[in-house]
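Listed in order, the protein sequences are those of chains S and L.
Residue numbers for the first sequence follow the working numbering, beginning at 1 and rising by one.
Residue numbers for the second sequence follow the working numbering, beginning at 1 and rising by one.
Everything labelled a hint here was simulated from the structure, so no lab data went into it.
Be aware that a few hints might be false.
Here are the computed lysine-lysine pairs in the DSSO-like style, where the Cα-Cα straight-line distance is at most 30 Å [stated by the list, open to error]: (1) L:80 with S:65; (2) L:65 with S:190; (3) S:80 with S:139.
Residues from chain L that keep clear of chain S, each with C-beta distances beyond 12 Å, as calculated [what the hints assert, rightly or not]: (4) 65; (5) 92; (6) 108; (7) 118; (8) 140; (9) 148; (10) 192; (11) 273.
Quick caveat, the model's predicted, so the values are computed rather than measured.
Positions of the beta carbon are idealized from the N, C-alpha and C atoms, including for glycine.
There are 2 protein chains.
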Amino acid sequence: MCAPFVIDDVREQLSRRGFLAALGGAAALVAAPGNASAQTPAPGAVRLPRGFRDVHDLTHTYSSKLPVFPSFHPLQMTPKFSIAKDGFFASELTLDEHTGTHMDAPMHFVPGGVSADRLPVDRFIAPLCVVSIASRAAKDADTTLAVDDVLAWERTHGRIPAGAFVAIHTGWDARVPDPASFINRDAAGKNHAPGFGAEAAAFLVGQRDIVGVGTDTLSLDMTATGTSAAHVTFLGAGKYGIEMLANLTSVPASGATVIIGGPKHEGASGGPTRVYAVV
Amino acid sequence: MCAPFVIDDVREQLSRRGFLAALGGAAALVAAPGNASAQTPAPGAVRLPRGFRDVHDLTHTYSSKLPVFPSFHPLQMTPKFSIAKDGFFASELTLDEHTGTHMDAPMHFVPGGVSADRLPVDRFIAPLCVVSIASRAAKDADTTLAVDDVLAWERTHGRIPAGAFVAIHTGWDARVPDPASFINRDAAGKNHAPGFGAEAAAFLVGQRDIVGVGTDTLSLDMTATGTSAAHVTFLGAGKYGIEMLANLTSVPASGATVIIGGPKHEGASGGPTRVYAVV
Numbered sequence: 001m002c003a004p005f006v007i008d009d010v011r012e013q014l015s016r017r018g019f020l021a022a023l024g025g026a027a028a029l030v031a032a033p034g035n036a037s038a039q040t041p042a043p044g045a046v047r048l049p050r051g052f053r054d055v056h057d058l059t060h061t062y063s064s065k066l067p068v069f070p071s072f073h074p075l076q077m078t079p080k081f082s083i084a085k086d087g088f089f090a091s092e093l094t095l096d097e098h099t100g101t102h103m104d105a106p107m108h109f110v111p112g113g114v115s116a117d118r119l120p121v122d123r124f125i126a127p128l129c130v131v132s133i134a135s136r137a138a139k140d141a142d143t144t145l146a147v148d149d150v151l152a153w154e155r156t157h158g159r160i161p162a163g164a165f166v167a168i169h170t171g172w173d174a175r176v177p178d179p180a181s182f183i184n185r186d187a188a189g190k191n192h193a194p195g196f197g198a199e200a201a202a203f204l205v206g207q208r209d210i211v212g213v214g215t216d217t218l219s220l221d222m223t224a225t226g227t228s229a230a231h232v233t234f235l236g237a238g239k240y241g242i243e244m245l246a247n248l249t250s251v252p253a254s255g256a257t258v259i260i261g262g263p264k265h266e267g268a269s270g271g272p273t274r275v276y277a278v279v
Numbered sequence: 001m002c003a004p005f006v007i008d009d010v011r012e013q014l015s016r017r018g019f020l021a022a023l024g025g026a027a028a029l030v031a032a033p034g035n036a037s038a039q040t041p042a043p044g045a046v047r048l049p050r051g052f053r054d055v056h057d058l059t060h061t062y063s064s065k066l067p068v069f070p071s072f073h074p075l076q077m078t079p080k081f082s083i084a085k086d087g088f089f090a091s092e093l094t095l096d097e098h099t100g101t102h103m104d105a106p107m108h109f110v111p112g113g114v115s116a117d118r119l120p121v122d123r124f125i126a127p128l129c130v131v132s133i134a135s136r137a138a139k140d141a142d143t144t145l146a147v148d149d150v151l152a153w154e155r156t157h158g159r160i161p162a163g164a165f166v167a168i169h170t171g172w173d174a175r176v177p178d179p180a181s182f183i184n185r186d187a188a189g190k191n192h193a194p195g196f197g198a199e200a201a202a203f204l205v206g207q208r209d210i211v212g213v214g215t216d217t218l219s220l221d222m223t224a225t226g227t228s229a230a231h232v233t234f235l236g237a238g239k240y241g242i243e244m245l246a247n248l249t250s251v252p253a254s255g256a257t258v259i260i261g262g263p264k265h266e267g268a269s270g271g272p273t274r275v276y277a278v279v
């Protein structure tokens, strides 16, 4: 069977980026004897040139300098072996699962929820939809994604495609170098950062077909009220979340494909995750 | 600019899997007004249907049960929060970088070598070449990949493409459930598992254009002699290694694309890595 995600992706790539030029290459394949029904690739037919520029890294460099939720500790890294003494260098890491750019698996909030290592891998390559609420968040750190934001995105980009990964861009990424600004704690001890609103979460889960969601903040939920509504709605529906995404401004609002290199330790409620977007 | 890896991949997919049927869809795009020069996708044009079956997970489930090198400790996982008490579940992890399915970055063996977090991301999506030495390794655990093995692979599959990731399949994957058999220690305390031979490593680095290499064993080098020649050759040339790959028998020897979700902690000599192959 044909790999539909690759073909659909390429159809879309071709439509955007110069279909006719690419069709020339495709037509050449048709002209080559036997290619229309070939079951094995021609020797050397697969080429992924080095130096292509359309992979974006949506992952923060993970270190003890990154802000973390007050419940958690920053990454600890301890060199244990050295090239001079042991012939190789290696460190030991101690980390809380929900630090850095990381996944929330359903079991993080849902009793009996699935762990990250058991999520089907076909959910980890998905159309990426980026909905920005950054202009509003710049004025109101307690703002949330509303259903109207999703509908406005769809008026421009079309309906959220089946099997999509929906990320909100709040602008918090830019605050990472200043952890106090990122956590944004007020005098009363409340943290202020935007998130998915409860109604938008219910809409995405109930009215659209998504595999997971992401945010450039540390929490799917806005933090000031202490609600877990977005977490419970998404994770309760078996979706995963990715928190503390980086570089969402480097990718288009529609048309990219996200690749989620999630944690695979047994019984993972989450963990550090490498996230790419291919445009 | 066009994303060449996607287009080349799809040309190859189309040639293998039914070009004419897919061309029908492509032709429909041509017929739609404006598509040939469109710069933005048509609304809803991006579809990655759930349930496609051509993503393979080359990552072992990471747990304290996996075999590790004697220098290292198995993964430790400590639950620290519970849904009943804290509203969420989360664990703390302590791990040695070079355990589970993991990356070796150049700095693991090379003074001044680059760390995993600084490797360019365009090296992490690459044509996957799988060279099997499993039949020989079943009789001789100390066997190594030879230059002749690579040349024999090329006679069947064509020259190793530029920017490739070359993995050896030794059959060790099947021993993972039995750590003693995987480590394969003899009465004298020597471990026996296959690896890349020094000459083959030099050939791949000097005569072919590769981004990295992988193995289903715990070491790029065969283990009995304690040599580090393969490590030093590959990492010294700025390539990365992936050790303890899983499921290499699930993917073709040629034609798949590997996606390396590598560690991104600052100064990583390596670390747990999520690896997919898209066929």
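Exercise. Does the structure break any of the earlier hints, and which numbers would those be?
Worked result: Structure breaks hints 2, 3, 4, 5, 6, 7 and 11.
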